[in-house]
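Number of protein chains: 2
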Amino acid sequence: MSSSVSPLAPKTVPDMPVIAGVRLATAEAGIRYKNRTDVLLAVMDKGTAVAGVFTKSKCPSAPVEWCRAKLKGGKARALVVNSGNANAFTGKTGRASTALTAKIAAKAVGCSESEIFLASTGVIGEPLDATKFDGVLGRLAETAEPGDYLAAAKAIMTTDTFPKVATATVKLGKARVTINGMAKGAGMIAPDMATMLSFIFTDAPIAPAALQALLKAGVEDTFNAVTIDGDTSTSDTLLAFATGAAAEHGAPKISRASDPRLKAFVKAFNQVLANLAEQVARDGEGARKLVEIIVEGAKTKASARKIAMSIANSPLVKTAIAGEDANWGRVVMAVGKAGEPADRDKLSISFNGIRVAKNGARDPSYDEAQVSDAMKAPEIAIKVSLGLGKGRDRVLTCDLTKEYVAINGDYRS
Amino acid sequence: MSSSVSPLAPKTVPDMPVIAGVRLATAEAGIRYKNRTDVLLAVMDKGTAVAGVFTKSKCPSAPVEWCRAKLKGGKARALVVNSGNANAFTGKTGRASTALTAKIAAKAVGCSESEIFLASTGVIGEPLDATKFDGVLGRLAETAEPGDYLAAAKAIMTTDTFPKVATATVKLGKARVTINGMAKGAGMIAPDMATMLSFIFTDAPIAPAALQALLKAGVEDTFNAVTIDGDTSTSDTLLAFATGAAAEHGAPKISRASDPRLKAFVKAFNQVLANLAEQVARDGEGARKLVEIIVEGAKTKASARKIAMSIANSPLVKTAIAGEDANWGRVVMAVGKAGEPADRDKLSISFNGIRVAKNGARDPSYDEAQVSDAMKAPEIAIKVSLGLGKGRDRVLTCDLTKEYVAINGDYRS
Chain Y
19 MSSSVSPLAP KTVPDMPVIA GVRLATAEAG IRYKNRTDVL LAVMDKGTAV
69 AGVFTKSKCP SAPVEWCRAK LKGGKARALV VNSGNANAFT GKTGRASTAL
119 TAKIAAKAVG CSESEIFLAS TGVIGEPLDA TKFDGVLGRL AETAEPGDYL
169 AAAKAIMTTD TFPKVATATV KLGKARVTIN GMAKGAGMIA PDMATMLSFI
219 FTDAPIAPAA LQALLKAGVE DTFNAVTIDG DTSTSDTLLA FATGAAAEHG
269 APKISRASDP RLKAFVKAFN QVLANLAEQV ARDGEGARKL VEIIVEGAKT
319 KASARKIAMS IANSPLVKTA IAGEDANWGR VVMAVGKAGE PADRDKLSIS
369 FNGIRVAKNG ARDPSYDEAQ VSDAMKAPEI AIKVSLGLGK GRDRVLTCDL
419 TKEYVAINGD YRS
Chain R
19 MSSSVSPLAP KTVPDMPVIA GVRLATAEAG IRYKNRTDVL LAVMDKGTAV
69 AGVFTKSKCP SAPVEWCRAK LKGGKARALV VNSGNANAFT GKTGRASTAL
119 TAKIAAKAVG CSESEIFLAS TGVIGEPLDA TKFDGVLGRL AETAEPGDYL
169 AAAKAIMTTD TFPKVATATV KLGKARVTIN GMAKGAGMIA PDMATMLSFI
219 FTDAPIAPAA LQALLKAGVE DTFNAVTIDG DTSTSDTLLA FATGAAAEHG
269 APKISRASDP RLKAFVKAFN QVLANLAEQV ARDGEGARKL VEIIVEGAKT
319 KASARKIAMS IANSPLVKTA IAGEDANWGR VVMAVGKAGE PADRDKLSIS
369 FNGIRVAKNG ARDPSYDEAQ VSDAMKAPEI AIKVSLGLGK GRDRVLTCDL
419 TKEYVAINGD YRS
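Chains as they are written, first to last, in the numbering used here: chain Y, 19 to 431; chain R, 19 to 431.
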């Protein structure tokens with residue numbers, strides 16, 4: 019969909035190792051796009067645990083409703099993702115479409131329909147013709163191989179300008195286990211929750227309930243701390259799959275998230291989530307600047323989060339950054355509108371380490387030329403010190419550019 | 019500041035009658051702008067009642083703090099408004115600046131400083147040099163005349179592309195009374211509350227407490243139902259002044275807002291507020307479309323308001339309208355993210371009277387060409403029927419264009 023890669027894209031793409039028990043395949047089903055892959059099938063070995071977190075939208079898509087219902091079983095054998103059509107706001111047709119997709123996939127993989135997980139992204143409100151999966155999924159199941167995560171990440175893109183993958187390898191007990199992840203953004207991105215599609219795969223033997231607890235805790239400071247435009251998709255889906263294959267070479271079976279043997283794993287797992295979430299911000303529609311908002315000295319972490327989000331979602335702050343203007347007045351505005359405890363006369367604000375405001379007024383040492391120069395950087399950190407308490411939080415966003423308006427003003431045309 | 023008048027500007031400007039007991043004067047104080055007026059002085063006769071509502075920002079400007087404190091007296095003799103500098107986030111200097119302005123104004127008018135009301139709009143975070151008012155206000159007090167409301171409205175503009183005035187004449191008892199109003203927008207506009215500067219003048223004899231009650235009730239469905247960008251200014255101020263001069267030709271003195279003799283007055287008063295609020299939306303920064311969001315069938319009016327605001331503040335809905343795209347999927351998204359009761363399968367959505375979605379799916383009679391044609395209109399009404407209850411509400415907003423980004427990306431340069 020997009021013509022040029024975001025200037026904020028990571029300079030290198032990691033080599034993605036295989037994960038025992040996971041096989042991938044992609045195809046061109048012609049759902050909406052031409053001459054590109056738009057379907058991903060991931061086939062998992064028997065015994066794979068699954069966990070998920072989803073949009074908090076009151077009008078979720080049919081695939082989100084499907085996954086929520088199937089998550090209760092805790093087991094997964096396959097994931098089917100399509101791009102180009104979100105199968106959202108498609109009513110009974112949408113439910114029928116997910117059921118048919120699951121039926122086709124279950125037959126292709128040889129499992130129960132309740133072990134099939136589905137995600138769709140793209141246009142909302144258009145019926146998704148699931149018959150297009152007939153044949154395609156069977157062929158994909160036959161050809162699926164342990165491997166090309168980058169190709170998989172490409173098949174799930176919509177307005178993304180680059181595929182998003184991340185990986186980590188870590189010790190669990192005495193065995194090495196691997197965590198691979200992929201994500202797609204890049205608009206309609208706000209927390210509550212996963213704010214896009216993302217899929218995590220690991221060979222660690224972790225029971226469904228423990229995996230669910232890890233995922234829920236992990237998103238809080240990663241995917242839930244990213245916002246592009248404050249808009250929450252009907253389709254936000256983050257699924258994690260643990261095949262357990264590493265048990266064969268000695269990884270201990272984990273049944274509780276609080277298991278102390280998980281410590282290194284949790285850290286690596288959260289790093290993969292954080293890496294993917296940051297890539298989503300780096301690919302925000304039309305983004306030219308990655309913006310980190312740090313709020314400290316708030317009454318609580320929750321209060322710091324609300325204020326950080328108020329700043330991150332302010333069109334006036336975001337357009338000022340696009341204009342390379344250290345407009346701290348708009349940051350004050352956004353602090354004020356958050357409705358959280360704040361004392362104007364204790365506020366300090368800095369842009370990329372240069373303090374521009376102190377004790378509720380312009381910093382006496384403020385040097386316009388120095389600040390203007392700092393604002394030319396592709397990564398901008400705005401730090402707000404409230405001076406009230408010890409609450410601290412951090413969120414990521416991007417600037418608001420004319421390109422965002424262009425991308426979203428003719429998405430369907 | 020802006021180069022061309024909004025295409026949504028009213029085609030005609032009303033003749034503004036004089037209001038007995040109110041005299042106006044404007045000047046070029048050179049606070050920020052060159053070759054235009056930037057100071058307004060309104061002088062009111064003794065006995066004028068005052069009421070006000072202000073931003074809910076936790077970091078209000080110095081003039082807002084000043085007005086809030088002085089409102090307790092209930093009496094006003096003068097209003098001083100400057101454009102170009104908001105005197106917000108200016109710390110102790112800001113407080114000193116408001117005190118000095120009030121002192122100069124009180125001397126010029128010959129009243130107590132507690133009867134002076136102040137409002138400032140423009141850049142945040144820059145010290146306001148109140149000594150610039152010295153001399154200017156004295157001259158203005160001498161030359162003030164019962165009159166030119168349009169000139170007054172021009173003096174308080176910032177990024178506005180046209181001055182905003184409204185008037186109504188109505189019977190109070192057997193006497194005719196007049197209500198004049200002016201407002202300025204045009205960005206950093208979200209409710210909670212007045213979301214800009216607006217001043218209402220009337221010769222009706224209404225006591226301060228009654229006037230305050232009228233104003234508070236009146237803004238709910240007018241200024242509080244307008245949003246441009248979801249950003250709330252630190253300076254939002256709406257003040258109402260009632261000189262009481264109409265008592266001389268028989269208007270009854272009103273001490274309670276519930277007085278039945280006020281019925282026609284309240285209607286006219288609210289119409290003036292609604293007219294000004296709509297003009298603010300029509301002059302939203304970069305706006306090319308006036309957008310009315312009507313939500314019906316919600317559980318309650320408050321629930322309908324939240325959903326309407328979620329739609330009105332969605333960047334994705336607003337960019338779609340800029341692109342003349344009846345993207346009802348994004349409307350569903352915004353309904354979903356509001357967090358209010360909604361049932362996807364009961365939702366119906368129409369654009370300018372053409373139903374595009376019904377019972378949670380595309381309307382079977384949907385005709386893309388017909389809808390595309392309707393979206394070319396400069397005024398777009400989006401109606402969402404939830405089918406849950408009798409809650410109904412309406413808010414006004416505008417589209418989000420590249421011009422909004424341009425205006426706000428180089429506001430200071």
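Treat the hints loosely; a few may be bogus.
It does not matter which identical chain is used: a pair holds within one copy or between any two.
Unchecked claim - Okay, derived cross-link-like pairs now, SDA-like style, lysine to any residue, Cα gap no bigger than 20 Å in a straight line:
# : residue 1 : residue 2
1 : K74       : D363
2 : K394      : T55
3 : K76       : C129
4 : K76       : S366
5 : K125      : R113
6 : K271      : K324
7 : K281      : P28
8 : K52       : L118
Bear in mind the hints are in silico, worked out from the structure with no lab data behind them.
All values derive from a computational prediction rather than experimental measurement.
Structure-based check of all given hints:
{"no.": "1", "hint": "K74 <-> D363", "in the structure": "between (36 Å within a copy, 17 Å between copies)"}
{"no.": "2", "hint": "K394 <-> T55", "in the structure": "neither (37 Å within a copy, 35 Å between copies)"}
{"no.": "3", "hint": "K76 <-> C129", "in the structure": "neither (31 Å within a copy, 57 Å between copies)"}
{"no.": "4", "hint": "K76 <-> S366", "in the structure": "between (38 Å within a copy, 15 Å between copies)"}
{"no.": "5", "hint": "K125 <-> R113", "in the structure": "within (18 Å within a copy, 74 Å between copies)"}
{"no.": "6", "hint": "K271 <-> K324", "in the structure": "neither (38 Å within a copy, 47 Å between copies)"}
{"no.": "7", "hint": "K281 <-> P28", "in the structure": "neither (28 Å within a copy, 65 Å between copies)"}
{"no.": "8", "hint": "K52 <-> L118", "in the structure": "neither (23 Å within a copy, 68 Å between copies)"}
In terms of the numbered hints stated before, the structure departs from hints 2, 3, 6, 7, 8, listed from lowest to highest.
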